[in-house]
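Trainee: Here are the chains, one letter per residue:
There are 2 protein chains.
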Amino acid sequence: MPKVADQYLSVDPWLIVEEGYHPDRSRVSEAIFSSANEYMGVRGYFDEGYSGDRHVGSYVNGVYEARKIGRSYKGISTSGNYMVNTVDWLHTRISAGGEVLDLHRSKFSDFRRSLDMRTGLVSRSFIWHVKGRGRMRVAFERFVSMQDAKLGGQRVTLESVDFKGSVDLVFALDFDTFHEASDRKNFWDVLRREAGPGGAALLGRTQNTSKLLYSGFRLTGGGRHRAFNEGKKAGVSVALTLAPGGREAFEKMVVNEARFSKGAAEAAAWAQGSKLLKSLAAEGFDAAMARHRTYWDRLWNTLDCTIEGDPENQQGLRYCIFQLHQTYHGADPLANIGAKGLTGEFYNGHTFWDTEAYCLNFYLFNNPAAAKNLLLYRHHHLPQAIARAREIDCEGACFPFATINGEEDCGLWWIANTEIHVGLAVFYAIWHYTKITGDKEFLYKQGAELLVQLSRFYASRGQYGQKSGKFGLYGVMGPDEFKLMVNHNCYMNLLMKKTFETTAATLDEMARKAPAALRALARKTGLKPGEKADWLGKARDTLVLQDKSSGVFEQNEGFFDMPHKELKSIPAKDFPLYHSWSYDRLYRYDMHKQPDVLLFLFFFNRSFSPAVKKRNYDYYAPRCIHESSLSPAIHSILASEIGYHAEAYDFAKYASRLDLDNYNRNTREGLHTTSLSAAWMNLVYGFGGMRSDGERLSFEPCIPRKWKSYSYRVLVRESVLEVRVDKREVQLRTVQGPPVEVDVYGRRRRLDAEGTRVALPAARRA
Amino acid sequence: MPKVADQYLSVDPWLIVEEGYHPDRSRVSEAIFSSANEYMGVRGYFDEGYSGDRHVGSYVNGVYEARKIGRSYKGISTSGNYMVNTVDWLHTRISAGGEVLDLHRSKFSDFRRSLDMRTGLVSRSFIWHVKGRGRMRVAFERFVSMQDAKLGGQRVTLESVDFKGSVDLVFALDFDTFHEASDRKNFWDVLRREAGPGGAALLGRTQNTSKLLYSGFRLTGGGRHRAFNEGKKAGVSVALTLAPGGREAFEKMVVNEARFSKGAAEAAAWAQGSKLLKSLAAEGFDAAMARHRTYWDRLWNTLDCTIEGDPENQQGLRYCIFQLHQTYHGADPLANIGAKGLTGEFYNGHTFWDTEAYCLNFYLFNNPAAAKNLLLYRHHHLPQAIARAREIDCEGACFPFATINGEEDCGLWWIANTEIHVGLAVFYAIWHYTKITGDKEFLYKQGAELLVQLSRFYASRGQYGQKSGKFGLYGVMGPDEFKLMVNHNCYMNLLMKKTFETTAATLDEMARKAPAALRALARKTGLKPGEKADWLGKARDTLVLQDKSSGVFEQNEGFFDMPHKELKSIPAKDFPLYHSWSYDRLYRYDMHKQPDVLLFLFFFNRSFSPAVKKRNYDYYAPRCIHESSLSPAIHSILASEIGYHAEAYDFAKYASRLDLDNYNRNTREGLHTTSLSAAWMNLVYGFGGMRSDGERLSFEPCIPRKWKSYSYRVLVRESVLEVRVDKREVQLRTVQGPPVEVDVYGRRRRLDAEGTRVALPAARRA
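Protein chains in written order, with the working numbering: chain A, 14 to 779; chain B, 14 to 779.
Worth flagging that the hints you see were computed from the coordinates, not collected in a lab. Watch out, some of these pointers could steer you wrong.
Because identical chains cannot be distinguished in the list, a pair is counted as satisfied if it fits within a single copy or across any two copies.
[What the hints assert, rightly or not] Calculated pairs, DSS-like style, for lysine-lysine (alpha carbon to alpha carbon, straight line, at most 25 Å):
{"#": "1", "residue 1": "Lys-483", "residue 2": "Lys-740"}
{"#": "2", "residue 1": "Lys-177", "residue 2": "Lys-120"}
{"#": "3", "residue 1": "Lys-81", "residue 2": "Lys-537"}
{"#": "4", "residue 1": "Lys-537", "residue 2": "Lys-16"}
{"#": "5", "residue 1": "Lys-721", "residue 2": "Lys-586"}
{"#": "6", "residue 1": "Lys-81", "residue 2": "Lys-198"}
{"#": "7", "residue 1": "Lys-578", "residue 2": "Lys-551"}
{"#": "8", "residue 1": "Lys-626", "residue 2": "Lys-448"}
{"#": "9", "residue 1": "Lys-721", "residue 2": "Lys-578"}
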């Protein structure tokens with residue numbers, strides 16, 4: 014992993030601070046200082062306009078455009094949806110004494126930008142040296158509310174140091190934003206505009222998908238106000254004069270109200286938006302911020318993680334957790350998490366299997382309602398998944414590789430039609446979620462239906478080898494995207510087998526405990542008498558390739574004989590390889606892009622012996638190229654378990670500061686949102702040694718050499734558990750809710766508020 | 014093979030005749046009645062215009078346009094050249110008594126269209142019932158000269174039956190043709206136009222590739238002539254009156270002169286075209302036709318094939334041979350054979366491995382100079398192939414999957430970058446060509462250079478398995494295009510091994526017999542000391558998968574375990590499967606698209622025992638889906654050899670009338686030109702039992718049940734051999750040149766003009 018940090022932000026436990034402006038990192042900072050609340054998100058771009066390189070990105074979860082793709086061959090998706098840039102609701106323009114404020118051209122000093130992770134407030138201020146007129150301090154604050162998803166607030170403060178003269182401001186809403194990946198096209202028609210002295214509103218509609226977005230604001234502040242609207246913009250201009258010591262503050266409270274369904278009534282959207290604006294915008298910036306802040310207070314008070322002795326990792330870890338919460342917190346079961354969250358257009362806002370395989374573990378122990386909503390999102394999109402399965406000549410439900418609205422949006426057939434393991438991650442998430450939460454209501458209703466349709470899909474997509482008589486998936490791509498059209502991918506076959514078994518066991522359990530629900534399920538899914546037996550037969554026959562003598566699983570048929578490449582022999586400049594190697598060459602070695610076998614050794618950790626895990630790690634780790642930001646965490650977790658402490662720490666460091674230090678040099682495109690859970694996983698599953706796939710939660714913590722101590726908390730049913738680890742011992746207790754039984758270093762313990770202390774075994778000290 | 018004949022043409026040994034017009038088969042007939050002479054080709058479209066469905070296709074070999082393709086990943090080709098429609102040089106318009114002749118609207122009778130395979134003359138005539146003015150016979154004749162490649166002739170004859178009135182004609186050249194596959198765009202700029210009473214000329218230039226094409230004509234015939242030019246057209250209009258019994262004939266002699274290199278001088282092209290026109294067009298239609306005819310006379314007199322008792326196959330066979338000769342006869346080593354020859358734009362005029370794997374066998378025994386030119390074509394394009402190898406991180410030369418000018422034009426990376434067996438077919442062709450012709454001059458000069466660059470390529474593209482220690486090609490697609498990214502494709506590994514061995518043997522031979530040529534070769538190719546040993550080592554280590562007990566070769570690693578599909582269980586309506594099956598599904602069965610293992614059992618037939626061939630045929634034949642028009646012939650040949658006579662006949666029937674009976678329902682797109690050699694191979698290698706890969710030519714003929722007798726001739730060095738087979742015996746003799754030693758049913762015989770007779774073994778009678 015020849016990856017190097019690019020550190021330019023100050024290290025602080027709770028703040029992300031940029032001291033002095035770094036124009037060459039303009040887009041990186043825009044991504045890092047993003048604000049979001051699941052419903053909407055906005056990059057940390059300059060409110061006041063900027064003629065340098067920047068990307069004014071403002072997104073609403075579920076507002077997408079569609080590109081029509083001509084049909085080539087059957088089964089190759091013709092759907093091409095992508096999250097589209099929406100309204101620039103922070104649009105501000107300032108000129109003073111004839112000079113337009115533009116940090117690309119204006120003279121300024123004392124630039125400071127910060128994100129306070131305790132509150133989600135993004136602030137920016139600087140002293141503007143107005144040509145020939147003196148200096149004034151300009152400050153911007155913004156937040157999007159975690160309490161009222163449709164509400165955003167902006168405050169602009171001007172304070173004259175020694176400036177004297179007239180100042181003109183514009184506060185507006187602007188739908189004339191463009192989509193970077195589509196030749197910078199704009200996709201909005203504005204259907205209605207209204208502006209008055211107190212604010213303005215617009216109703217925008219996307220051109221192909223007819224999504225409606227009402228955006229309105231109320232402005233308070235001094236000066237002479239004049240409303241305007243023109244083109245795709247509406248707002249209020251303000252004229253005032255400022256003298257030394259003078260100060261003017263403007264509060265712009267914004268409501269964005271979207272209508273997602275085609276044919277939604279424009280009048281209703283306008284009326285609802287206006288109503289919301291009236292009620293929400295009235296309270297003003299500080300009051301709305303205070304209500305918003307209660308969300309974060311409650312959260313950090315309950316579920317904070319701490320690291321003593323490693324301020325960089327402490328900051329990085331909190332940043333990842335903060336971003337995960339603001340990107341998704343279970344407000345809407347029709348929303349999901351795009352690869353870049355709401356921080357950029359790259360990856361088209363698509364949801365991948367990252368959600369279930371990575372993010373969901375975080376939410377499960379921090380916000381189980383959000384975890385459930387992620388599963389309900391898949392359940393809601395079952396009809397599209399069923400249609401997709403038909404389209405590729407299969408039964409049941411095939412969840413798309415990349416999607417916004419449940420349709421398959423990945424047009425690269427050799428990925429979309431072979432990397433069909435999304436449903437397996439959905440199975441894993443259902444299994445994990447119901448195990449941890451005990452949510453039988455979900456299981457018997459949506460979970461079982463998902464399982465039945467998943468089992469159907471894999472039973473029809475799988476095939477029997479004519480010589481071996483073994484069942485498995487042919488012509489697939491596993492998690493390792495450097496293997497195309499392989500047979501019997503071990504991860505996929507193993508998870509398929511477990512899908513069959515779990516489905517059958519769930520049906521059996523329902524027969525005993527919820528016969529009415531089972532009847533409803535059978536009616537709804539048309540469950541046929543022989544299906545369960547078919548799945549169990551196929552589970553029994555499924556081939557899971559493993560070398561008997563070493564215990565090493567074979568990633569796919571033929572993998573052990575794949576030509577070997579010493580990764581150390583590849584020059585650092587060749588990375589990422591898909592930029593510098595012929596595309597086909599990537600597929601012809603035993604090196605793999607990201608964990609494949611190791612991933613299921615993490616998912617079903619308790620099912621494998623320490624020796625098997627060590628042998629597999631020893632075989633696969635030196636062959637892994639980590640060209641996925643999801644990759645190092647799994648290695649870190651297993652390395653910790655095995656006792657490769659130094660390696661574990663190196664892998665972990667990368668994850669927690671992936672975006673803050675722009676390790677992959679592409680943070681400008683947006684945060685690696687779905688990878689942020691890796692930082693939390695590194696702490697909790699890695700050093701923290703938690704395992705959640707066994708009969709009980711278990712803990713076998715270790716501590717990195719550099720750290721003095723660390724702590725983390727997890728929410729399990731009604732209880733919050735706290736684990737504190739220092740160089741000598743591990744303290745475990747409940748900080749909320751009833752006692753919980755867990756295993757600590759293999760011994761069963763009952764945790765209560767009193768807590769328990771266990772000495773840290775020597776082998777667990779790095 | 015659920016394929017059904019659509020027969021609407023009359024059966025005749027030498028003529029292809031359409032009696033009565035079949036408008037629903039307009040495009041099929043256009044393809045079937047195509048004229049060509051390697052340099053240029055023209056579909057059999059109606060000279061006089063037609064408002065119904067048609068495709069005015071006129072092509073010059075090597076005149077192509079280019080589409081720029083954005084770079085995605087390294088190694089994915091960005092070149093997109095395609096043969097472009099050129100000038101409609103047969104452009105004619107006729108009106109009489111105010112009515113425009115248009116067979117889509119006009120009333121007519123006695124329609125007859127014919128192609129005389131003895132002469133290559135395409136004729137069409139009908140009686141036009143001019144509204145209210147009586148009838149006139151209209152006749153069109155055309156040919157493109159096999160003697161003067163740039164010359165084409167058209168004759169239009171009007172003969173009044175009882176028509177009386179004025180007739181207006183237009184004879185023109187029209188560059189306003191469109192390319193069907195590119196939204197019917199036109200790609201020509203006309204740089205110069207000239208028209209006078211005796212004719213007209215135009216100079217066209219393609220818009221992206223700057224190919225120049227001069228087209229000029231001389232017109233003779235009665236009436237008042239008036240020259241015109243406008244837009245992309247130039248010509249002569251003629252006004253005359255016709256009375257019952259009156260007759261007018263017009264001869265339009267055309268020269269098309271192309272300049273292929275970028276930046277070619279327009280003035281020079283115009284001058285050369287004009288000069289050629291002056292000399293060639295002067296002689297008139299009949300004289301030019303007579304000279305042209307000498308080519309066909311000589312050809313049919315020397316190398317005809319006959320079938321007694323099966324007029325349909327006789328006609329089909331001659332048609333295939335005729336088309337092969339007129340598509341390519343070795344006039345230009347920079348020309349090759351597109352998948353549809355010069356009969357349509359489908360497949361973009363691209364040359365594939367069909368040339369070496371299929372067509373070249375035909376030319377080798379019918380026109381060895383043409384066979385040599387096909388190899389020189391590859392030699393000429395070595396620089397592009399070397400560049401392509403670099404682009405995909407390899408050494409040596411990688412011949413493109415689809416090409417016109419030597420660049421890789423296949424943009425489907427999963428085919429272009431994996432189906433890298435074109436070079437292996439080039440090796441096979443070099444090996445076969447030099448074996449049969451003994452052309453050491455070619456071998457030591459161009460052949461050896463090709464072999465060195467090919468061996469280099471495969472030595473660098475091949476890899477060693479880390480467990481097996483065996484060498485082979487990983488991540489490839491073999492001839493069977495229903496297997497993607499497989500390892501150790503048996504056909505490819507075997508041919509790669511032979512490439513290494515043949516290259517080494519050639520270098521050894523040159524060291525003994527042509528040391529100066531070897532030194533020149535070493536200089537030119539930078540041959541390094543260890544290379545030969547490297548190739549021999551890799552040849553020794555190459556894995557050729559074969560089941561030891563049965564002798565069945567395994568098409569690729571894992572093939573024997575691929576899920577089985579009973580082909581009989583697939584409904585006929587599902588074919589072709591790539592239309593009705595999900596694209597990925599095609600790749601997940603043991604069924605294959607076309608012969609893969611069986612192909613090398615044909616290429617190197619004498620190296621394998623009868624038992625091995627039978628066992629492999631028995632295994633693979635029932636798994637072959639024949640979704641390539643190249644496929645059935647190989648099966649027919651091996652079935653004949655094994656003694657599956659009925660099967661052999663069924664496969665052969667399809668090949669000889671593939672286009673005449675439009676078996677694949679896509680002849681309208683153009684002829685399956687590169688598949689036409691299959692008909693000849695069925696006769697000569699199949700029933701005729703010839704084998705050319707052993708030490709001597711060998712013959713083990715059989716005869717289908719339906720046939721009374723058949724004969725064929727092959728040109729081998731200076732001799733023409735004739736083989737005649739009837740129900741009782743086989744007669745072999747030379748009809749030209751010195752005696753030749755061959756094997757007949759395993760016994761060595763010396764053939765001379767006297768000939769030899771051998772009784773037909775009972776097992777060789779169907």
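Trainee: Determine for every hint whether it applies to the structure shown.
Mentor: Here is what the structure says about each hint:
Proximity of Lys-483 to Lys-740 under the C-alpha cut-off of 25 Å is found in neither arrangement, the shortest distances being 50 Å within a copy and 51 Å between copies. When the C-alpha separation of Lys-177 and Lys-120 is checked against a cutoff of 25 Å, the pair qualifies only within one copy, where the shortest distance is 16 Å, while the shortest distance between copies is 92 Å. Taking the closest pair of Cα atoms, Lys-81 and Lys-537 never come within 25 Å of each other, the shortest separation being 32 Å inside a single copy and 51 Å across copies. With identical chains, the CA atoms of Lys-537 and Lys-16 are never at most 25 Å apart, being 51 Å at best within one copy and 43 Å at best between copies.
In the homo-oligomer, the alpha carbons of Lys-721 and Lys-586 never lie at most 25 Å apart, since the shortest distance is 36 Å inside one protomer and 72 Å across protomers. In this assembly of identical chains, Lys-81 and Lys-198 lie within 25 Å of each other by CA distance both inside one copy and across copies; the values are 16 Å within and 22 Å between. In this assembly of identical chains, Lys-578 and Lys-551 lie within 25 Å of each other by CA distance solely across copies; the values are 18 Å between and 36 Å within a copy. Taking the shortest alpha-carbon separations for Lys-626 and Lys-448, only the intra-copy value of 23 Å comes in at or below 25 Å, while the best inter-copy value is 58 Å.
Taking the shortest Cα distances, Lys-721 and Lys-578 never come within 25 Å of each other, neither inside one copy (39 Å) nor across copies (63 Å).
Of the numbered hints listed earlier, those contradicted by the structure are 1, 3, 4, 5 and 9.
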